[in-house]
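Asker: Take a look at the letters that make up each chain.
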Amino acid sequence: MYNLTPNKIGTLLKTQYSNMMEYRVEIALWAISGVIPFFMLNIWTNNGLNESLNISNIMLSRYFLSAFFVRQFSVVWVVFTFEEDALLGRISPYLIQPIHPFFRYFAQHIAEQITRFPFALIIAIFFFIFNPESLWSPSIGTIFISLISTFFSFLIQFLIQSIIACFCFWTEKASSFEKLIFIPTLFLSGLLAPVESFPEFVKSWVYFTPFPYLIDFPARILSENNVNIFSGLCVQIIWIILFFLIFIKVWSQGSKKFTAMGL
Amino acid sequence: MNIKKYFKVYKLFNYTSLSIELEYKVNIFIDLLTAIFGLSGSIFLLSIFFNNAKDIGGWSFEQALIIQAIYTILNGITNTWFSPNLTEIVKYIREGTLDFVLIKPIDSQFWVSFKRISPTGILEILLGIIVLIYCFYINDITLKVDSLFLLLLTLGCSISILYSLWFLISTTTIWFVKTWNATEVLRSFLYVGRFPLNSFSFPLRVFFSTVIPITFITAIPSEVILGISTFWKIILEILVSSIFIIASRRFWIYALRFYSSASS
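Going line by line, the protein sequences match chains L and G.
Be aware that the first sequence starts at 1, since it is given in my numbering, and climbs by one per residue.
Be aware that the second sequence starts at 264, since it is given in my numbering, and climbs by one per residue.
These are computed hints drawn from the structure, not numbers from a lab.
From the three backbone atoms N, C-alpha and C, an ideal C-beta is built for every residue, glycine too.
Misleading hints may appear alongside valid ones.
[Stated by the list, open to error] Among the chain L residues that face chain G by a calculated CB cut under 7 Å, a handful are: (1) Leu29; (2) Ile32; (3) Phe38; (4) Phe39; (5) Asn47; (6) Leu49; (7) Ser92; (8) Leu95; (9) Gln97; (10) Leu180; (11) Thr185; (12) Ala193.
Model the full structure from these sequences, guided by the hints.
Answerer: This is how it looks when you write it as structure tokens:
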């Protein structure tokens with residue numbers, strides 16, 4: 001249905017990777033801008049806020065480092081690229097190519113994550129230099145499962161943003177929707193405070209939303225805090241399927257509305 | 264320098280950019296929602312902190328809320344005046360349209376810093392002021408004329424530091440062309456301005472008050488409101504902000520010597 005061959009995937013990834021390598025300084029800066037979890041960690045441990053939560057300083061610092069990593073590899077910006085392409089009319093040639101345009105954006109994101117990896121690693125090394133006691137080596141199995149759940153988290157966010165990006169077909173400027181969605185992502189995903197620390201009245205409903213599965217869940221796996229891996233992965237898959245179906249629907253409706261611009 | 268001319272030009276800038284922004288009316292409504300959710304999100308985060316401790320770095324919840332309000336006001340000012348213009352600078356330089364700015368009989372720094380205005384940040388400023396008034400109420404503060412003067416003075420200094428930080432980073436575009444993400448780094452560092460300086464460990468405190476003077480920006484006005492600021496801190500902030508303003512001006516003039524236009 002989407003006409004995707006291994007050959008095409010390889011070519012897409014290769015061209016996007018060389019494209020991203022050109023902007024490696026920019027990507028390095030982007031990696032640095034993700035250090036907020038470390039500042040939050042500092043507030044938590046420096047004021048002894050974790051004492052009433054039964055999380056030791058070491059486990060908490062592992063949690064925030066893992067949150068940093070998960071965030072680094074689940075950053076999505078497809079709506080901004082799509083909006084620019086739609087406004088400038090670059091979408092038109094993409095639409096007539098025998099491949100779904102979103103595969104191009106997907107390959108961009110994957111290529112950017114590969115470029116970003118060494119920078120994230122350098123930041124982590126600095127983190128361990130300042131906090132040597134929190135150094136740990138997760139088992140291969142843990143790394144593998146947390147990679148999968150991070151990828152699932154990336155997929156959920158990519159699909160949500162792609163749905164928002166499709167709004168461009170109606171309003172031309174969809175990125176303000178993205179800014180709105182980003183607020184709960186920031187505060188409810190566990191990037192700034194572990195979901196465990198939320199007050200009861202929030203905890204009672206937050207697990208019915210996709211947000212805790214974006215950062216908190218993968219970060220807990222990686223940092224070896226106790227978590228129900230099986231049910232978490234199942235919930236992630238359910239969200240992916242749901243958002244995928246919505247995306248298909250919105251895309252087919254929206255692309256019919258498309259009027260070639262900038263020609 | 265003809266002040267009158269600059270005022271007239273500034274009015275025209277506002278007129279044109281407002282008519283651009285008002286083309287997308289739905290967006291303004293969504294931005295209002297975003298500002299409200301953003302503020303309630305940060306108050307939520309603050310309440311999580313205070314659930315587990317009585318005070319953070321010696322600040323109670325009611326006092327920390329003042330910092331939050333000041334941050335929201337300053338963030339609104341950034342979103343209204345600084346960030347829309349300074350993302351434009353990147354465009355001017357990439358596309359070579361800075362040429363047209365430089366040949367105009369008007370100061371180029373004035374043009375690139377005040378060309379655009381985004382009304383959505385104004386909603387944030389209003390929200391911040393509402394929270395601040397609420398803070399006066401819950402903290403039992405009655406502002407006297409002299410402390411009001413000091414508050415406005417320190418806020419003015421904070422705004423100058425913020426502007427200079429944004430402008431300094433944007434100026435580096437002349438060499439690096441794409442500094443879009445450098446402003447993201449600044450944005451994420453500015454984020455710590457929401458919390459009391461004393462809540463961080465000593466090395467970070469030194470970092471946030473020397474390398475990037477983030478804490479000057481929100482801490483000193485909040486301390487002035489609470490009446491716990493010392494005289495030397497206010498003098499220091501005035502000093503730091505004037506150094507930053509002069510540095511940003513000098514750096515812009517220096518950087519322009521390296522501007523080599525885009526392919527033409």
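Asker: For every hint, state whether the structure bears it out.
Answerer: Verification of the supplied hints:
Given hint, Leu29/L at the interface with chain G, holds; its Cβ is 4 Å from that chain's nearest Cβ, closer than 7 Å. The criterion of a C-beta within 7 Å of any C-beta in chain G is met by Ile32/L, whose closest approach is roughly 5 Å, and the hint holds. Checking Phe38/L against chain G: minimum C-beta separation of about 9 Å lies over 7 Å; hint violated. A distance limit of 7 Å between C-beta atoms decides the matter here; for Phe39/L the minimum to chain G is near 5 Å, and the interface restraint holds.
Taking 7 Å as the C-beta contact cut-off toward chain G, the hint placing Asn47/L at the interface holds, the least distance being around 5 Å. The beta carbon of Leu49/L comes within 4 Å of a beta carbon in chain G, closer than 7 Å, and the hint placing it at the interface holds. For Ser92/L, the suggested interface contact is broken, since its CB lies about 22 Å from the closest CB of chain G, more than 7 Å. With 7 Å as the threshold, the beta carbon of Leu95/L stays out of range of chain G, its nearest partner Cβ sitting at about 24 Å, so the hint is violated.
For Gln97/L, the shortest C-beta to C-beta distance to chain G is roughly 27 Å, which exceeds 7 Å, and the interface hint is violated. A cut of 7 Å between beta carbons decides the hint on Leu180/L: the least distance to chain G is about 5 Å, and the hint holds. Because the smallest distance between the Cβ of Thr185/L and any Cβ of chain G comes to about 10 Å, over 7 Å, the interface hint for this residue is violated. Hint status for Ala193/L: holds, given a least beta-carbon distance of 5 Å to chain G, under 7 Å.
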